[in-house]
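*Asks:* Each chain is listed here by its residues.
2 protein chains.
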Amino acid sequence: MAFTRASTALRPALRAAALRTPAAHRTLCASAQRMAAASLFPGEPSSPSVKTEIPGPASKKHTEDLHKVFDTRSLNMLTDYKKSSGNYIADADGNILLDVYAQIASIPLGYNNPALAKVAQTPEMVNAIINRPALGNFPPEDWAEILRTGILKVAPQGLDQVFTAMAGSDANETAYKAAFMWRRQQERGGPDVEFTEEETTSAMNNQAPGASQLSILSFRTGFHGRLFGSLSTTRSKPIHKLDIPAFDWPQATFPQLKYPLEEHAAENAAAEQASLDEVEHLIKTYHLPPAAVIIEPIQSEGGDNHASPAFFRGLREITKRHNVLLIVDEVQTGVGATGKFWAHEHWDLPTPPDMVTFSKKAQTAGYYFGDPALRPNKPYRQFNTWMGDPARAILFRAIVDEIDRLGLVEHTARVGDYLFSRLERLADKYPGQFANLRGKGQGTFIAFDNPRRDEFLKKAKAIGVNIGGSGESAVRLRPMLIFQEHHADILLEALEKIAKSW
Amino acid sequence: MAFTRASTALRPALRAAALRTPAAHRTLCASAQRMAAASLFPGEPSSPSVKTEIPGPASKKHTEDLHKVFDTRSLNMLTDYKKSSGNYIADADGNILLDVYAQIASIPLGYNNPALAKVAQTPEMVNAIINRPALGNFPPEDWAEILRTGILKVAPQGLDQVFTAMAGSDANETAYKAAFMWRRQQERGGPDVEFTEEETTSAMNNQAPGASQLSILSFRTGFHGRLFGSLSTTRSKPIHKLDIPAFDWPQATFPQLKYPLEEHAAENAAAEQASLDEVEHLIKTYHLPPAAVIIEPIQSEGGDNHASPAFFRGLREITKRHNVLLIVDEVQTGVGATGKFWAHEHWDLPTPPDMVTFSKKAQTAGYYFGDPALRPNKPYRQFNTWMGDPARAILFRAIVDEIDRLGLVEHTARVGDYLFSRLERLADKYPGQFANLRGKGQGTFIAFDNPRRDEFLKKAKAIGVNIGGSGESAVRLRPMLIFQEHHADILLEALEKIAKSW
Numbered sequence: 001m002a003f004t005r006a007s008t009a010l011r012p013a014l015r016a017a018a019l020r021t022p023a024a025h026r027t028l029c030a031s032a033q034r035m036a037a038a039s040l041f042p043g044e045p046s047s048p049s050v051k052t053e054i055p056g057p058a059s060k061k062h063t064e065d066l067h068k069v070f071d072t073r074s075l076n077m078l079t080d081y082k083k084s085s086g087n088y089i090a091d092a093d094g095n096i097l098l099d100v101y102a103q104i105a106s107i108p109l110g111y112n113n114p115a116l117a118k119v120a121q122t123p124e125m126v127n128a129i130i131n132r133p134a135l136g137n138f139p140p141e142d143w144a145e146i147l148r149t150g151i152l153k154v155a156p157q158g159l160d161q162v163f164t165a166m167a168g169s170d171a172n173e174t175a176y177k178a179a180f181m182w183r184r185q186q187e188r189g190g191p192d193v194e195f196t197e198e199e200t201t202s203a204m205n206n207q208a209p210g211a212s213q214l215s216i217l218s219f220r221t222g223f224h225g226r227l228f229g230s231l232s233t234t235r236s237k238p239i240h241k242l243d244i245p246a247f248d249w250p251q252a253t254f255p256q257l258k259y260p261l262e263e264h265a266a267e268n269a270a271a272e273q274a275s276l277d278e279v280e281h282l283i284k285t286y287h288l289p290p291a292a293v294i295i296e297p298i299q300s301e302g303g304d305n306h307a308s309p310a311f312f313r314g315l316r317e318i319t320k321r322h323n324v325l326l327i328v329d330e331v332q333t334g335v336g337a338t339g340k341f342w343a344h345e346h347w348d349l350p351t352p353p354d355m356v357t358f359s360k361k362a363q364t365a366g367y368y369f370g371d372p373a374l375r376p377n378k379p380y381r382q383f384n385t386w387m388g389d390p391a392r393a394i395l396f397r398a399i400v401d402e403i404d405r406l407g408l409v410e411h412t413a414r415v416g417d418y419l420f421s422r423l424e425r426l427a428d429k430y431p432g433q434f435a436n437l438r439g440k441g442q443g444t445f446i447a448f449d450n451p452r453r454d455e456f457l458k459k460a461k462a463i464g465v466n467i468g469g470s471g472e473s474a475v476r477l478r479p480m481l482i483f484q485e486h487h488a489d490i491l492l493e494a495l496e497k498i499a500k501s502w
Numbered sequence: 001m002a003f004t005r006a007s008t009a010l011r012p013a014l015r016a017a018a019l020r021t022p023a024a025h026r027t028l029c030a031s032a033q034r035m036a037a038a039s040l041f042p043g044e045p046s047s048p049s050v051k052t053e054i055p056g057p058a059s060k061k062h063t064e065d066l067h068k069v070f071d072t073r074s075l076n077m078l079t080d081y082k083k084s085s086g087n088y089i090a091d092a093d094g095n096i097l098l099d100v101y102a103q104i105a106s107i108p109l110g111y112n113n114p115a116l117a118k119v120a121q122t123p124e125m126v127n128a129i130i131n132r133p134a135l136g137n138f139p140p141e142d143w144a145e146i147l148r149t150g151i152l153k154v155a156p157q158g159l160d161q162v163f164t165a166m167a168g169s170d171a172n173e174t175a176y177k178a179a180f181m182w183r184r185q186q187e188r189g190g191p192d193v194e195f196t197e198e199e200t201t202s203a204m205n206n207q208a209p210g211a212s213q214l215s216i217l218s219f220r221t222g223f224h225g226r227l228f229g230s231l232s233t234t235r236s237k238p239i240h241k242l243d244i245p246a247f248d249w250p251q252a253t254f255p256q257l258k259y260p261l262e263e264h265a266a267e268n269a270a271a272e273q274a275s276l277d278e279v280e281h282l283i284k285t286y287h288l289p290p291a292a293v294i295i296e297p298i299q300s301e302g303g304d305n306h307a308s309p310a311f312f313r314g315l316r317e318i319t320k321r322h323n324v325l326l327i328v329d330e331v332q333t334g335v336g337a338t339g340k341f342w343a344h345e346h347w348d349l350p351t352p353p354d355m356v357t358f359s360k361k362a363q364t365a366g367y368y369f370g371d372p373a374l375r376p377n378k379p380y381r382q383f384n385t386w387m388g389d390p391a392r393a394i395l396f397r398a399i400v401d402e403i404d405r406l407g408l409v410e411h412t413a414r415v416g417d418y419l420f421s422r423l424e425r426l427a428d429k430y431p432g433q434f435a436n437l438r439g440k441g442q443g444t445f446i447a448f449d450n451p452r453r454d455e456f457l458k459k460a461k462a463i464g465v466n467i468g469g470s471g472e473s474a475v476r477l478r479p480m481l482i483f484q485e486h487h488a489d490i491l492l493e494a495l496e497k498i499a500k501s502w
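These protein sequence lines map, in sequence, to chains A and B. With UniProt numbering applied, the first sequence corresponds to residues 1 to 502, in that order. With UniProt numbering applied, the second sequence corresponds to residues 1 to 502, in that order.
Isolated chain A (complex conformation) (with noise of 0.2 Å):
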């Protein structure tokens, strides 16, 4: 693609030009404009801009107003989308920071991008944006066609139907309530038996046989969500956790792998048997038996914990064979960032799972299926008023056709090599500040631990890099996919100077 061969040709003058301070790049005007020219995103800044200190005096005026009406203790940057481009994000004071957390991995495409933007203006957008539908009464004549050019265009292998919502929680969560409503369809006899007189009149109190007394496993230091559902499968930390009441739900230990994975690997082997045999203990002993599974391709919030492909190979195999499901949660990891479209194509699975969840950068959310079984026996068991919404879908679809045009799956696996690589000689020159470094070809999903995170994090802004931490003592990296190697070395820059200043 045209765009590659640009960047790649431009590549070691933008290598030469970031490697200079942040104030020299700043007088480099007419190499930034090239820079631009060779960039996925025309236009936006050559390189961050920090004129005051973060927060500045306009931002922590404005958050002190908006704190009256609206909570601001976990305010991060109070924002000027206007200001953002691409992969630069800008405050209220002005200040432009290079961008890699991107709303909590969230953003794909970069911040007012023209083609977004172009569709949003579209009297389609405008049509879902008004006239929003109760998808499952009465979708739009065009919803097929809206799923089929968009959601369902990259749907995993071996799932080709989806049920919609609108986030990461409601898409777990109704994926869960699929998997109790098929797992006691088995139970039943199949689709066709009839809930008993007990069944009916037990659902309405909440008690047993109606309510059923299955349980969803999912893994410790796992993040799947944080309404009542998906929080009883959510171990990051106490504080998502704290006075909210659980279900009684088992957890496996995800396997703690040691770095570099090469002088650990039969350590970490043993590491990720012990976890499947405890999975698989679990499923066989515990009290509130497992309708699903739920696992991420890499535990985000919890700390960017990887485990290997034959991990989750065995994963599929234990589930398969004790008739659980198996619920991959793509919504941190899904739609690029990890070198695929989704991560959970690293694994080579002889079987797909059974559900993929996503949201995030897809706008919009959902679990994609592929078993019909998974279709309750009877309308109105899945359902809610929106059940997703149809601008959101539309606006993936976008989404995706720019992935597509510009190549960003593969151009992303290239790019977080490329940084990879050069994080690995900063973590030989500077040991102990980049300790763990991990996401070795997963695109750029990558992190590595500091001891004194919070304060690399809050260096890293005041010098003009947006970075967002997970876990315990993680920095985790999450570049939009219009992220390039000019990018890279922008932040790797900032990366080597604050290292440096300890």
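Quick caveat, the hints were computed from the structure, so don't treat them as lab data. A virtual CB, placed ideally from N, CA and C, is assigned to each residue, including glycine. Where hints are given, some of them may not hold.
No more than 30 Å apart at the CA atoms, straight line, and that leaves these computed lysine-lysine pairs for DSSO-like [as the list claims (entries may be wrong)]:
1. LYS378/B to LYS60/A
2. LYS497/B to LYS51/B
3. LYS284/B to LYS82/A
4. LYS378/B to LYS237/A
5. LYS459/A to LYS320/A
6. LYS320/B to LYS68/A
7. LYS378/B to LYS459/A
8. LYS429/A to LYS378/A
9. LYS153/B to LYS153/A
Label pairs and their in silico Cβ distance ranges [what the hints assert, rightly or not]:
10. ASP160/A to ASP454/B: 30 to 38 Å
11. GLU198/B to ASP160/A: 44 to 52 Å
12. LYS61/A to GLN157/B: 40 to 48 Å
On the provided structure of chain A, position chain B as indicated by the hints.
*Replies:* Chain B in isolation, oriented as in the chain A frame:
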């Protein structure tokens, strides 16, 4: 207001026209155009137009195709939103129906409303669509302004803060979470008391004391959503709940009023007192103490069950006395349909509800609150990636502006009175067909029972009116806020035609 005078002046002519048959109606082009001129929605059709059986051949064909990828068993009408206008919904076969169901009560101002279309095309909206923020971390610099001129402009009296959400279910669930954190904080001794090691450890295992042993008290036949926490408080129909694990939370009987109210005053008062006694008993004795009581002003999905203002005042008094929060679920009743902006304004409460949840006609969602203690004591306790959607908040602001400009709350109160009085006449004329007519003085939020309800709704559709049902036998009317007397006449004519045919 100008529009009110015009429509009042024209009303006798409109009513006369409407009393003719639909066929005659269609020929009345000139008078129809005059009607349209007096309409709150210029250009909408003047009457329904049914050309094929419903579903017609095109709808059937497209539905069959859609069913391959998206479950269509709950499909009501395959809708052509491009051709829908104002109070009229069009299907894929070109049939045009008067719509008094309005996407399960969630379209406020008519299909293809020009004022909303204008807002949907503004740079502000385009920006919000393509740059979706993680609101808790990166709110737009004008988020306070968007809230104050929209969502908070119509905040219920006494509640001046909001936590935004995506839809009714997560609005309720986040309200529940706020309630649980509030209650545990009290038990713990205040916001400054740290969590114990035992709490943080047990929370990660979904066990007490970290996972609280508290509950939400709801009412029989109530509906509050279909995710795991909200579904545990939903008690409308077994089909909503079967096979889904549920929390062992308490339910009280919702008073079952007898109609006409004036003939059963003593009996109804006793039923309400019994319900209040049951609530108090459950609060005092239930093994998982309720942190909050949630109630709909009118139980909507459960069959349009009403209670008196005195009942709700009693509930406020009991919850207050026992230090239990009162959450009013205005997802379906809110935003004008009952002739007040919020239905609970009908109650004349001495102190406001602690939280009021909203969605549907608001197009966005969330919970309002006033007491600062309902903000959890630490950041990230009430948090998720998107926390709502500024695009929909901007749309709601435009909806609020239109409601104000056209005086649609008062308008709906008046049209509701008009409709109700004529329904009373039908109820007298066709005994048993319009049983338990209810919703007097509640705007257009009106319902009645029909012994052959499903057939009734089908017949209505065949003659050009789209109506929804609820509960076992209720025909529920949920017109939009731009529903006028001449629409009521068309509806009444259709209802009488069905009643007469039996």
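*Asks:* Each hint: holds or not?
*Replies:* Hint-by-hint comparison with the structure:
1. Taken as a hint, the LYS378/B and LYS60/A pair is honoured in the structure, with Cα atoms around 19 Å apart against an allowance of 30 Å.
2. Distance hint between LYS497/B and LYS51/B is fulfilled; the C-alpha atoms sit about 18 Å from each other, no more than 30 Å.
3. At roughly 53 Å between alpha-carbon atoms, LYS284/B and LYS82/A are farther apart than 30 Å, so this suggested pair is violated.
4. A threshold of 30 Å between alpha carbons decides the hint, and for LYS378/B with LYS237/A the separation of about 13 Å falls inside it, so the pair holds.
5. Proposed proximity of LYS459/A and LYS320/A is contradicted: the alpha carbons are some 47 Å apart, above 30 Å.
6. Restraint check for LYS320/B and LYS68/A: satisfied, since their Cα atoms lie roughly 25 Å apart, inside the 30 Å limit.
7. Only pairs whose Cα atoms come within 30 Å are accepted, and LYS378/B paired with LYS459/A is accepted, the gap being roughly 23 Å.
8. At most 30 Å may separate the alpha-carbon atoms for a hinted pair to count; LYS429/A and LYS378/A exceed this at roughly 61 Å.
9. For the given pair, LYS153/B sits about 42 Å from LYS153/A by alpha-carbon distance, which is inconsistent with the 30 Å threshold.
10. One distance hint, 30 to 38 Å for the beta-carbon pair ASP160/A and ASP454/B, holds here, with the actual separation near 32 Å.
11. Taking the beta carbon of each, GLU198/B and ASP160/A are about 48 Å apart, inside 44 to 52 Å as hinted.
12. Here the CB-CB span from LYS61/A to GLN157/B is close to 29 Å, at odds with the stated 40 to 48 Å.
Figure legend: structure checked against the earlier numbered hints; hints not met, in rising order: 3, 5, 8, 9 and 12.
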